[in-house]
Amino acid sequence: MAFKEKSAWVILLAYLVGSLTFTWSLLEGVSQGKSPSPVDFAGFTIALIVLLTVGHIIIAAVSPGTANTPEDEREKVFTLRAKALSGQFLASGVVLGLLFFITTNNTAALFYVVMYALILSEIVNAGYQILLHRRG
Amino acid sequence: MADTLPVGNRVRAMRESHGAMSQSDLGKAVGVTRQTIAAIEQRRYAPSLETAFRIANLFDTEIGEVFFWDPQ
Numbered sequence: 001m002a003f004k005e006k007s008a009w010v011i012l013l014a015y016l017v018g019s020l021t022f023t024w025s026l027l028e029g030v031s032q033g034k035s036p037s038p039v040d041f042a043g044f045t046i047a048l049i050v051l052l053t054v055g056h057i058i059i060a061a062v063s064p065g066t067a068n069t070p071e072d073e074r075e076k077v078f079t080l081r082a083k084a085l086s087g088q089f090l091a092s093g094v095v096l097g098l099l100f101f102i103t104t105n106n107t108a109a110l111f112y113v114v115m116y117a118l119i120l121s122e123i124v125n126a127g128y129q130i131l132l133h134r135r136g
Numbered sequence: 001m002a003d004t005l006p007v008g009n010r011v012r013a014m015r016e017s018h019g020a021m022s023q024s025d026l027g028k029a030v031g032v033t034r035q036t037i038a039a040i041e042q043r044r045y046a047p048s049l050e051t052a053f054r055i056a057n058l059f060d061t062e063i064g065e066v067f068f069w070d071p072q
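The listed protein sequences derive, respectively, from chains A and B.
The working numbering puts the first sequence at residues 1 to 136.
The working numbering puts the second sequence at residues 1 to 72.
Watch out, some of these pointers could steer you wrong.
[What the hints assert, rightly or not] If you anchor each label on the Cβ, the simulated ranges turn out as follows:
no.: 1; chain 1: A; residue 1: Lys83; chain 2: B; residue 2: Ile63; range: 29 to 37 Å
no.: 2; chain 1: B; residue 1: Ile63; chain 2: A; residue 2: Thr107; range: 53 to 61 Å
no.: 3; chain 1: A; residue 1: Asn68; chain 2: B; residue 2: Ala46; range: 24 to 32 Å
Honestly, the hints are just simulated from the structure, not real lab data.
Computed from a prediction, not measured in an experiment: that's the story for all the values here.
Backbone N, C-alpha and C fix where the C-beta goes; we use that ideal spot for every residue, glycine too.
Same shape as in the complex, but just chain A (with noise of 0.2 Å):
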């Protein structure tokens, strides 16, 4: 397995293991009837960040050789077309959070619609790269 593609599913795990629980605790607060706080979304951020960089020191260990080769020609397609995919994510995430916002004037749906957009394209991104890469 390429290094890039380790890298993929360190990136996919971390954002699956980090949205779910982060997830869980808000609707869990929610049903207590406690407002999301700014401390839940640091340390989210903050867990996520551990997550990635752990990962990458283990895959970095476990495969010293390639570990600091760049992307080649192949690896950069698959990149190029991941990010293509995961950006429209992205932008309908945004959109539908604008559109929320213009209808209900909720800023704290906004955040969250924008947020989970761009947790679902890094998730859609790491997926698809690692789609491209099994597939060759």
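Fit chain B to the given chain A structure using the hints.
Just chain B now, with coordinates in the frame of chain A:
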């Protein structure tokens, strides 16, 4: 599985005739990963013109001897 591309090649045969060079060694020599060489050999990826020239140059031959049009 991705469709086979219409660009055929003799990379594997040439690699094996050059001292059983590994995919990894060839990849390093032309600046791509082992996985990319494997994808080229299996016709799942058509290399850039530059990489095709680098491979032909490494095997000391013309590009047409390594890569050819083969729509099947």
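We went through each hint and held it up to the structure:
1. Lys83/A x Ile63/B: 29 to 37 Å: holds (31 Å)
2. Ile63/B x Thr107/A: 53 to 61 Å: Taking Cβ atoms as reference, Ile63/B and Thr107/A lie about 59 Å apart, which means the hint holds.
3. Asn68/A x Ala46/B: 24 to 32 Å: holds (27 Å)
In the structure shown, no violation is registered for any of the earlier numbered hints.
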